[in-house]
Every structure is written in structure tokens, then in C-alpha cells.
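**Q** Sequence:
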Amino acid sequence: MASQVLVAANRGPLSYALDADGTLSARRGGGGLVSGLSAALSRQPEALWICAALSDADREAVRRGVSEPGVRMLDIDPAVYDDAYNAIANSVLWFTHHHLYDVPREPVFDAAFHRAWESYVAYNRSFAEALAEEAEQGARVLVQDYHLALVPGMLRVLRPDLLIAHFTHTPWASYDYLRILPSYVREELLWGMLGADVVGFHTHAWARAFLDAMTLDDGHGVATADGEEIAHRRHEAWGDRTTSVRVFPLGVDGDELRKLAHRPEVNDKLAALRAEVAGRKAIVRVDRTELSKNILRGLLAYRELLTVHPEWRGRVVHLASAYPSRQDLAVYRSYTQAVRELAAEINTELGTPDWQPVLVSVEDDFARSLAAYRLADVALVNPVRDGMNLVAKEIPVVSEAGCVLVLSTGAGAYEELREDALTVHPYDVTETAAALHAALSMPSAERAERTKRLAAHATALPPSTWFESQLSALAAP
Numbered sequence: 001m002a003s004q005v006l007v008a009a010n011r012g013p014l015s016y017a018l019d020a021d022g023t024l025s026a027r028r029g030g031g032g033l034v035s036g037l038s039a040a041l042s043r044q045p046e047a048l049w050i051c052a053a054l055s056d057a058d059r060e061a062v063r064r065g066v067s068e069p070g071v072r073m074l075d076i077d078p079a080v081y082d083d084a085y086n087a088i089a090n091s092v093l094w095f096t097h098h099h100l101y102d103v104p105r106e107p108v109f110d111a112a113f114h115r116a117w118e119s120y121v122a123y124n125r126s127f128a129e130a131l132a133e134e135a136e137q138g139a140r141v142l143v144q145d146y147h148l149a150l151v152p153g154m155l156r157v158l159r160p161d162l163l164i165a166h167f168t169h170t171p172w173a174s175y176d177y178l179r180i181l182p183s184y185v186r187e188e189l190l191w192g193m194l195g196a197d198v199v200g201f202h203t204h205a206w207a208r209a210f211l212d213a214m215t216l217d218d219g220h221g222v223a224t225a226d227g228e229e230i231a232h233r234r235h236e237a238w239g240d241r242t243t244s245v246r247v248f249p250l251g252v253d254g255d256e257l258r259k260l261a262h263r264p265e266v267n268d269k270l271a272a273l274r275a276e277v278a279g280r281k282a283i284v285r286v287d288r289t290e291l292s293k294n295i296l297r298g299l300l301a302y303r304e305l306l307t308v309h310p311e312w313r314g315r316v317v318h319l320a321s322a323y324p325s326r327q328d329l330a331v332y333r334s335y336t337q338a339v340r341e342l343a344a345e346i347n348t349e350l351g352t353p354d355w356q357p358v359l360v361s362v363e364d365d366f367a368r369s370l371a372a373y374r375l376a377d378v379a380l381v382n383p384v385r386d387g388m389n390l391v392a393k394e395i396p397v398v399s400e401a402g403c404v405l406v407l408s409t410g411a412g413a414y415e416e417l418r419e420d421a422l423t424v425h426p427y428d429v430t431e432t433a434a435a436l437h438a439a440l441s442m443p444s445a446e447r448a449e450r451t452k453r454l455a456a457h458a459t460a461l462p463p464s465t466w467f468e469s470q471l472s473a474l475a476a477p
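Quick note on numbering: the working numbering labels position 138 of the sequence shown as 138, and the sequence is numbered without any gaps.
Fair warning: there could be bad hints in the mix.
Here are the simulated distance ranges between beta carbons [said to hold, decoys possible]:
{"#": "1", "residue 1": "Arg340", "residue 2": "Val103", "range": "22 to 32 Å"}
{"#": "2", "residue 1": "Ala275", "residue 2": "Val362", "range": "17 to 27 Å"}
{"#": "3", "residue 1": "Pro443", "residue 2": "Val121", "range": "49 to 59 Å"}
{"#": "4", "residue 1": "Gly65", "residue 2": "Arg340", "range": "40 to 50 Å"}
{"#": "5", "residue 1": "Gly65", "residue 2": "Leu471", "range": "25 to 35 Å"}
{"#": "6", "residue 1": "Val66", "residue 2": "Ala2", "range": "18 to 28 Å"}
FYI, nobody ran anything at the bench for these hints, they're computed from the structure.
Since the structure is predicted, the reported quantities are computational estimates derived from the model, not experimental observations.
Just so it is clear, CB atoms sit at the ideal spot from N, CA and C, and this is done for glycine as well.
Put together the whole structure using the sequences plus the hints.
**A** Here's what the structure looks like:
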């Protein structure tokens with residue numbers, strides 16, 4: 001049955017498990033975005049979510065014809081998927097948009113890269129063909145993220161009748177950084193994105209960076225600013241059709257988040273953390289061990305705080321949750337290990353028999369993270385470059401006594417939250433240490449007022465409303 005509203009994303013709203021007896025069972029995916037999109041799609045008749053089969057169990061479900069209502073998984077060849085996801089999306093596009101390359105050494109665009117790029121093209125084509133097959137005449141299609149940057153252009157060729165949006169959850173690379181990519185890769189990325197009617201970003205900064213990219217090659221027209229609708233862009237491949245570049249700053253569902261944060265298992269974790277913190281101030285960070293999150297400089301800033309302001313020794317604890325990320329890539333394994341080692345160094349150098357300065361967790365423990373949110377006096381969010389960073393929005397929503405947000409200018413959330421946060425340059429360890437001192441010293445009344453305003457901004461565009469806003473943008477003339 002054809003669908004009037006479709007979502008395409010690498011990850012779907014569910015995954016399968018294969019039991020020893022061959023039984024397949026489905027479980028819902030986690031995370032605010034999946035929950036929000038699932039809730040929004042539930043209100044859309046005949047909506048469909050198209051995603052990749054990520055595991056052997058997922059692929060087995062596709063082969064057996066097992067499916068859940070409103071979901072279609074694509075059984076993409078594992079070697080093609082690995083090249084598209086790991087060799088291109090995570091190792092090239094992610095590094096480009098987050099400005100992560102060690103330029104004297106990388107990237108290297110050799111024969112292996114060119115073969116992997118062909119896999120990325122094939123992976124995107126699989127999604128475009130599935131969307132073309134499943135969509136009703138004039139259906140609205142929302143394509144998610146840098147994994148699927150080519151899909152809008154491919155789908156436009158297959159189904160020119162469709163209304164297509166693409167949303168990028170990462171930053172968009174600066175003009176100079178995008179020039180690192182081979183010219184044909186840049187051209188294919190822009191061709192793909194400009195196949196959409198609406199291209200969305202979390203912030204005006206990332207939208208402007210995308211518009212700057214248009215000047216890298218001929219034939220893309222001239223940008224014009226127009227309030228919230230950043231610009232319209234003509235692409236010669238599509239004739240007179242234009243692409244609207246828009247800003248949709250994703251927020252959090254405050255009611256749902258507070259409900260999750262007060263479940264019994266979170267209460268148990270909170271009691272354990274309170275025992276460890278023992279009445280001291282708590283500086284909280286929750287991140288994946290992702291290179292862009294800047295965890296190491298955050299730890300260095302905390303060490304400098306304790307060195308320059310020794311009065312905080314024994315009076316503060318840094319609760320650092322750093323979930324291992326992308327451990328199939330050597331650079332990420334090395335970074336995760338570096339986080340462990342630096343935390344241990346700080347504890348050895350500055351700790352005492354009755355005080356451990358850093359309590360670090362490198363396990364994916366969502367209940368512990370929510371407990372830390374509730375306990376936070378200070379939230380440290382200092383990414384080098386981040387599409388949004390929902391942690392910066394989540395902690396003020398559930399912090400029980402109110403918290404001071406120390407936020408880097410590299411976070412997408414900076415655009416909305418900077419007036420009520422203490423903002424820092426992501427590379428400046430000394431400035432970050434000074435901000436931590438100011439945050440710990442802030443009067444409780446000011447802290448409470450700042451937290452209230454931060455929470456209001458954070459919940460302004462929860463996932464379901466964020467999704468509906470993009471659908472409305474597609475429906476507009």
C-alpha cells in the first residue's frame with residue numbers, strides 16, 4: 001500500500017533479535033529523535049519509515065518477510081553498507097562537517113576511497129528506489145542526515161511529483177573545509193541535496209555554511225537572505241525549481257524527559273550517585289566518546305580549575321559519562337582510552353583517600369545519565385563542533401536544584417542558549433576552567449532563573465513539533 005508521508009533514515013524505529021531457536025523478536029529503538037518521530041508518524045495515516053537492516057537479525061527478518069506496521073527495512077549487502085556507513089559517512093563526511101581531520105596526514109583519497117564512494121552511491125540509490133516505489137502521488141518525503149545526502153536528487157529523477165525534504169543533523173562544513181573533498185564528491189553532494197524542495201539544519205550558522213558551499217562550483221545561483229527562510233537556491237540541473245534552506249532547531253520533549261528521569265531505576269542510580277558525591281557540588285557531562293565532543297579538553301579544564309582554585313578541592317566532583325562510540329574505528333578506540341587515562345591521572349594527581357575528583361563512566365547507561373542530570377549543579381557541554389547537542393537542552397529541563405550551563409561556541413545549541421549559559425571557546429582550556437569556577441560560585445537565585453529560561457528554550461520545538469514543522473514547510477506553496 002502506497003504512503004502519503006515517508007521518512008528515510010539509516011536507523012529505524014526498531015531492531016530485531018534472533019533467539020537460539022530461530023525466533024525473531026522486535027524491540028523499539030531508543031533516543032528522543034526516534035521517539036519523537038515515531039509519535040509524529042503515528043498521527044499520519046499510512047506513514048512509512050524506510051531504514052537499513054543493521055544487524056544479521058534485521059537482515060534475516062527482511063529475508064523472511066517479517067515486518068512491523070509502518071516500517072520497511074532494506075537488506076543492503078553488508079560489504080556495501082560497511083563502505084557507505086563506515087568508510088564514507090563516518091570516516092569522511094562526519095570528519096568533514098565536524099572539521100576533525102589531522103590535515104598533514106589525512107584525508108587520503110585513493111583507489112579504496114573511490115570504491116567506497118561507489119558503495120555510498122549504491123546505498124543511497126537503494127533508499128531512493130524504495131521511496132519511489134512506496135510513495136503515493138504527491139507524497140511528502142523526509143530524508144534524514146548525511147548518510148543519505150544523495151537521496152533527494154536521485155528521488156527527484158525517479159519521482160518528480162514528490163515533495164522532498166532533507167534534514168542534516170550535523171553541522172555543515174565551512175567553505176574551506178568542504179574544498180578538501182574531491183570536486184566530483186562535492187558536486188554529487190550538492191546535486192543530491194538540491195534535489196529537495198526544503199533543506200533543513202538546526203541553526204542559521206549551518207544553513208549559511210551550506211549556502212556558502214554553493215559558490216564552490218558554477219551554476220548554483222546567488223543566495224538571498226529572507227528571515228527564517230535563509231535562502232532559495234537555483235540549481236541548473238533542475239531548471240527553474242528552487243530549494244528552500246530552512247532552520248528547524250530540534251528541542252526536547254520536557255514532559256516525556258521528566259517522566260523518564262523519575263522512573264524507579266533512575267531513582268536507584270540517583271541514590272548511588274548521591275552517596276558517591278557525598279554532598280559536594282557536581283559538574284556533569286554526558287557524551288559519547290566522539291572526537292568532536294571535546295572530552296579531553298573538558299577534563300584538562302577541570303584539572304586547571306582545581307589547580308588555579310585549590311579551594312574547590314574536596315568540594316566538587318566531576319561526573320563524566322563518556323559512552324564508547326564507533327569502536328570499530330581505531331581513532332575512536334584510542335580516544336576512548338585517552339579519556340580513561342586522563343581521568344585516572346587527575347584522580348592520582350589530585351585525589352585524596354576520601355575524595356575522587358573524577359567519577360568517570362564509559363558504559364552506555366541512560367538511567368545513570370538521567371540521574372546525573374537531576375544531580376547537576378553545573379553542566380559542561382564544550383564540543384569543538386556539534387550539529388545541536390541535545391544534552392545542553394536536556395540537563396536544564398531535569399536538574400532538580402537548577403544548573404549553570406557552561407557551553408562552547410561550537411555547539412549548535414549555542415545559537416539558542418547563549419544568553420543564559422556561560423559560553424567558552426572550545427579550544428581554550430583556561431577560559432573553560434574560569435567558566436567552571438564562575439558556575440560553581442554563582443548565587444542560587446541567579447542559577448535558578450537561568451535554568452528556567454534555558455528549559456523554556458530547550459522545549460520550544462520538541463521532536464514531534466519539529467517533525468510537523470518540516471511537513472508543514474513541504475505543504476506550503
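**Q** Confirm or reject each hint.
**A** Results for each hint:
1. Look at Arg340 against Val103: about 27 Å separates their beta carbons, and that is inside 22 to 32 Å.
2. Against the hinted window of 17 to 27 Å, the Cβ-Cβ separation of Ala275 and Val362 comes to about 20 Å, which satisfies the hint.
3. Taking 49 to 59 Å as the suggested C-beta distance range, the pair Pro443 and Val121 conforms, at roughly 57 Å.
4. Taking 40 to 50 Å as the suggested C-beta distance range, the pair Gly65 and Arg340 conforms, at roughly 45 Å.
5. Checked against the hint of 25 to 35 Å, the pair Gly65 and Leu471 passes, with Cβ atoms roughly 30 Å apart.
6. Evaluation of the 18 to 28 Å hint for Val66 and Ala2 yields a pass: the beta carbon distance comes to about 21 Å.
The structure meets every hint from the earlier list without exception.
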